[in-house]
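What follows is each chain in one-letter form.
Protein chains: 2
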Amino acid sequence: MIAPMLEAPTVLQRCEDLARCTEEPGRITRRFATPALARARDLVAGWMREAGLEPRLDAVGNLIGRREESGQTLLLGSHLDTVRDGGRYDGALGVIVALAVAERVAQRELPFALEVAAFADEEGARFDTAFLGSALLAGCVNSRWLERRDRDGVRLADALDAWGGDSSGLDVPPRRDLLGYLEVHIEQGPVLEEADVAVGVVESIAGQIRASVTFTGTAAHAGTTPMGARRDALTAAAEWIGAVERVGRETAGLVATVGEVEVEPGAANVVPGSAAVSLDVRHADDDTRHAAVERLRALATAAGAARGVEVVWAQAHETASVPCDPRLTARLAGCAGTVTGVEVPRLCSGAGHDAVMLAKVTPVGMLFVRCAGGISHHPAEAVAEEDVGVGIEVAASLVEELARERV
Amino acid sequence: MIAPMLEAPTVLQRCEDLARCTEEPGRITRRFATPALARARDLVAGWMREAGLEPRLDAVGNLIGRREESGQTLLLGSHLDTVRDGGRYDGALGVIVALAVAERVAQRELPFALEVAAFADEEGARFDTAFLGSALLAGCVNSRWLERRDRDGVRLADALDAWGGDSSGLDVPPRRDLLGYLEVHIEQGPVLEEADVAVGVVESIAGQIRASVTFTGTAAHAGTTPMGARRDALTAAAEWIGAVERVGRETAGLVATVGEVEVEPGAANVVPGSAAVSLDVRHADDDTRHAAVERLRALATAAGAARGVEVVWAQAHETASVPCDPRLTARLAGCAGTVTGVEVPRLCSGAGHDAVMLAKVTPVGMLFVRCAGGISHHPAEAVAEEDVGVGIEVAASLVEELARERV
Numbered sequence: 264m265i266a267p268m269l270e271a272p273t274v275l276q277r278c279e280d281l282a283r284c285t286e287e288p289g290r291i292t293r294r295f296a297t298p299a300l301a302r303a304r305d306l307v308a309g310w311m312r313e314a315g316l317e318p319r320l321d322a323v324g325n326l327i328g329r330r331e332e333s334g335q336t337l338l339l340g341s342h343l344d345t346v347r348d349g350g351r352y353d354g355a356l357g358v359i360v361a362l363a364v365a366e367r368v369a370q371r372e373l374p375f376a377l378e379v380a381a382f383a384d385e386e387g388a389r390f391d392t393a394f395l396g397s398a399l400l401a402g403c404v405n406s407r408w409l410e411r412r413d414r415d416g417v418r419l420a421d422a423l424d425a426w427g428g429d430s431s432g433l434d435v436p437p438r439r440d441l442l443g444y445l446e447v448h449i450e451q452g453p454v455l456e457e458a459d460v461a462v463g464v465v466e467s468i469a470g471q472i473r474a475s476v477t478f479t480g481t482a483a484h485a486g487t488t489p490m491g492a493r494r495d496a497l498t499a500a501a502e503w504i505g506a507v508e509r510v511g512r513e514t515a516g517l518v519a520t521v522g523e524v525e526v527e528p529g530a531a532n533v534v535p536g537s538a539a540v541s542l543d544v545r546h547a548d549d550d551t552r553h554a555a556v557e558r559l560r561a562l563a564t565a566a567g568a569a570r571g572v573e574v575v576w577a578q579a580h581e582t583a584s585v586p587c588d589p590r591l592t593a594r595l596a597g598c599a600g601t602v603t604g605v606e607v608p609r610l611c612s613g614a615g616h617d618a619v620m621l622a623k624v625t626p627v628g629m630l631f632v633r634c635a636g637g638i639s640h641h642p643a644e645a646v647a648e649e650d651v652g653v654g655i656e657v658a659a660s661l662v663e664e665l666a667r668e669r670v
Numbered sequence: 264m265i266a267p268m269l270e271a272p273t274v275l276q277r278c279e280d281l282a283r284c285t286e287e288p289g290r291i292t293r294r295f296a297t298p299a300l301a302r303a304r305d306l307v308a309g310w311m312r313e314a315g316l317e318p319r320l321d322a323v324g325n326l327i328g329r330r331e332e333s334g335q336t337l338l339l340g341s342h343l344d345t346v347r348d349g350g351r352y353d354g355a356l357g358v359i360v361a362l363a364v365a366e367r368v369a370q371r372e373l374p375f376a377l378e379v380a381a382f383a384d385e386e387g388a389r390f391d392t393a394f395l396g397s398a399l400l401a402g403c404v405n406s407r408w409l410e411r412r413d414r415d416g417v418r419l420a421d422a423l424d425a426w427g428g429d430s431s432g433l434d435v436p437p438r439r440d441l442l443g444y445l446e447v448h449i450e451q452g453p454v455l456e457e458a459d460v461a462v463g464v465v466e467s468i469a470g471q472i473r474a475s476v477t478f479t480g481t482a483a484h485a486g487t488t489p490m491g492a493r494r495d496a497l498t499a500a501a502e503w504i505g506a507v508e509r510v511g512r513e514t515a516g517l518v519a520t521v522g523e524v525e526v527e528p529g530a531a532n533v534v535p536g537s538a539a540v541s542l543d544v545r546h547a548d549d550d551t552r553h554a555a556v557e558r559l560r561a562l563a564t565a566a567g568a569a570r571g572v573e574v575v576w577a578q579a580h581e582t583a584s585v586p587c588d589p590r591l592t593a594r595l596a597g598c599a600g601t602v603t604g605v606e607v608p609r610l611c612s613g614a615g616h617d618a619v620m621l622a623k624v625t626p627v628g629m630l631f632v633r634c635a636g637g638i639s640h641h642p643a644e645a646v647a648e649e650d651v652g653v654g655i656e657v658a659a660s661l662v663e664e665l666a667r668e669r670v
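Residue numbers (our numbering), protein chains in the order written: chain A, 264 to 670; chain B, 264 to 670.
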């Protein structure tokens, strides 16, 4: 067995190598169906062969390395694409750690086939898709996505076909051969750093609602309109933004965010006539989330009514909470406890992951690795080499445990 | 004497004629040193001659019509320029009513010279100047304004010289021959409409402070950053926007407004890292305004401190309150009471006017005419013909009263 302290530097170096595959010089931008992503995929294909895996591309451009065995398949992996101006580790770390695990068990007989997936589109940064890469494995590619266009007007189907994919081959049945899916990912939040632990296990991926709330009053002259005669859209919105924070704080495990504000007409000397704000609410428990959102709807209406301001609520999208597999999660927590010597935190992931799609067809488990300052989707993303070593060790332990059990 | 009911339709028709002098078809946009403003000025020059006034242009392009008499000069007037996409009456009404008054007294001997001014730049919509037209009469043109450039990169001095003005002739002494300045203007607010009175007299023009307040926290993932770990710049700003409204409501006569909000990075799924908001505070009494602004500064700091958010306060500009002349205002109120049969409201003007500049060199009086819905700086600006008749009658009464007294 190779000591983790020797594997982790290789993993970090490979993430660095991948970071140089980018659409934008000086930034890390690697979106779906771009030459930059193809270059990253080529690097990973080479490393797959080194790990004893046979690489193949599927219709959507996912790179999957397989070690053949009869019976079911254990899938490890994550995604290779990034947001615009993203970091080195979100996605990439999970792919490269999976390769390290495959190398670790390369000389060992396994009672199942092993696959490492490098998904082609998780972030949806180019076509605003949701887990397009892993959706193919779940038989869930939305055919309407094919007509989507990027900012340059390029159709998704055309981009995919020009990139070596097959837009006519996306309507496939879900995979039924999987015995489980394990994904390692940076936490993207501050919980592990605060708890001073290298890794944590994910119990569920939060359900989410996105809405746009528009407050409409009357634009008026800031100098000549007495306070009592105003229908100020922004003060109504501001009261409600405070309520979003308060409800978020009062509800354990809830995160509630207003990230966008558009004020019209938006001049210093004009009382705002309209204020459109975004809402993002997430929680592990869908009922808790629904109750919080209903409360926020009522509070928006009240904040408007107090000022003669009309409130229109437009829900943009909603996704249900996805639980990780309880048995796989318990095993993962057991392995993490053995490796770290402490009981590791159990978290709800506020961000979505490819595990959301894989959960439709197989038990999923997720391991989070501590990241610096909780920062992700940013060039400042950072992980400690030691924590990466722990991540490899935990994931490898789980694979070895599953192998022992099945033999 | 011509009955006001006959003069008012002419005034409204002339405002309509001026509205057709515009830089932008379908809108009313008549900014400083534009061909549109020159066309409007030509129309007014013709009407000046009909009213027995001799028109002249000064160095900044103000059009001034004069009826000669030895001794001092009574000045009536307002401005001819508009904001972009403005209304028919802000400024123009005061010029045309002044002409109606000049016509009314045309056959009558006066013990003073009479001038009607059509100022070339009150709104500052092109070069962000402050009362450039009337500043010339007060000897207060800021020489640094000459280097300002409009959106197309044109220097103010070049625009003025190309338009028939004289940028080398703006450094002149203040006029010392004025016995008073009277300006009629639409109210731009809802007070007269609510009081159900055609006109009101202005006691003072509010002092004003403009500031930009920037809240800086840390941008973070909206899904993965627990509420307790956030430094949300927008929730801090929102708490403070509520405080601005509250302080405005609690302080009699104060108006306090946040009209602009810029959130960074401004994405629905990112906790805002910064929020920059504008502040506009006005009051007739400078001490009251200062006290309110100090309170708001402390509240901004507190809203930031509660969230680990830094607050930077940048004051953009401040103007002191300008009182109208008490004796002229009392006379104007007396005339208005006689014409309307009621005691008319005494208002503080929240908007600035050319009277701010003229007050530096002569006693000023202002009469507000009720406008529909308090709307100004908008194509929907509207005044009632009957109210315009009352405005003419009150202004003419004052001129006649001043004439009787001086004879």
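Treat the hints with care, as some may be off.
What the hints assert, rightly or not - Here are some chain B residues pointing at chain A (derived, C-beta under 10 Å):
no. : residue
1   : His484
2   : Ala492
3   : Thr514
4   : His641
Said to hold, decoys possible - Here are a few chain A residues that sit away from chain B, every Cβ distance over 12 Å (derived from the structure):
no. : residue
5   : Ala308
6   : Arg312
7   : Asp353
8   : Gly416
9   : Asp424
10  : Arg512
11  : Gly522
12  : Ala538
13  : Arg545
14  : Cys611
To be verified - To spell it out: a stretch of chain B is covered by chain A in this simulated footprint if at least three of its residues, at any positions, have a beta carbon under 8 Å from a beta carbon of chain A; those stretches are:
no. : segment
15  : 392-401
16  : 449-460
17  : 465-476
18  : 494-503
19  : 541-551
20  : 581-593
21  : 626-640
To be clear, the hints were calculated from the coordinates, so they are not data collected in a lab.
Note that this is a predicted model, so its numbers are computed, not measured.
Heads up, the beta-carbon is just placed ideally off N, CA and C, and yes, glycines get one too.
Outcome of the hint check:
Given the 10 Å rule on beta carbons, the hint for His484(B) holds: about 5 Å separates it from the nearest Cβ of chain A. For Ala492(B), the shortest C-beta to C-beta distance to chain A is roughly 5 Å, which falls under 10 Å, so the interface hint holds. Checking Thr514(B) against chain A: minimum C-beta separation of about 9 Å stays under 10 Å; hint holds. Nearest Cβ of chain A to the Cβ of His641(B): about 8 Å, under the 10 Å cut. The hint holds.
At the 12 Å boundary, the C-beta of Ala308(A) stays outside the reach of chain B, the nearest C-beta of that chain being 30 Å off. The non-interface label for Arg312(A) is consistent with chain B: the shortest C-beta to C-beta separation is roughly 34 Å, beyond 12 Å. Some Cβ of chain B comes within 12 Å of the Cβ of Asp353(A); the nearest lies about 10 Å off, and the non-interface call is violated. The non-interface label for Gly416(A) is consistent with chain B: the shortest C-beta to C-beta separation is roughly 22 Å, beyond 12 Å.
For Asp424(A), the requirement that its beta carbon stay farther than 12 Å from each beta carbon of chain B is met, with the minimum near 30 Å. At roughly 5 Å from the closest C-beta of chain B, the C-beta of Arg512(A) falls inside 12 Å, breaking its exclusion from the interface. Chain B draws Gly522(A) into its interface by the beta-carbon criterion, the shortest separation being 5 Å against a cut-off of 12 Å. Not every Cβ of chain B is farther than 12 Å from the Cβ of Ala538(A); the closest lies at roughly 8 Å, contradicting the non-interface assignment.
Not every Cβ of chain B is farther than 12 Å from the Cβ of Arg545(A); the closest lies at roughly 5 Å, contradicting the non-interface assignment. The non-interface label for Cys611(A) is inconsistent with chain B: the shortest C-beta to C-beta separation is roughly 9 Å, within 12 Å. For the segment 392-401 of chain B, the stated coverage by chain A is not satisfied: 0 residues place a CB nearer than 8 Å to a CB of that chain, which falls below the threshold of 3. Counting residues of the segment 449-460 of chain B whose beta carbon lies closer than 8 Å to any beta carbon of chain A gives 6, which reaches the threshold of three, so the coverage claim holds.
Counting residues of the segment 465-476 of chain B whose beta carbon lies closer than 8 Å to any beta carbon of chain A gives 3, which reaches the threshold of three, so the coverage claim holds. Counting residues of the segment 494-503 of chain B whose beta-carbon sits less than 8 Å from any beta-carbon of chain A gives 6, enough to reach three: the coverage restraint holds. With 4 residues having a Cβ less than 8 Å from any Cβ of chain A, the segment 541-551 of chain B passes the three-residue criterion, so the hint holds. Check on the segment 581-593 of chain B: 0 of its residues sit with their Cβ under 8 Å from a Cβ of chain A, so the three-residue criterion for coverage is violated.
As drawn, the segment 626-640 of chain B meets chain A at 4 residues by the rule of a beta-carbon pair under 8 Å; at three or more, the given contact holds.
Taken one by one, the earlier hints fail for this structure at numbers 7, 10, 11, 12, 13, 14, 15 and 20, listed in ascending order.
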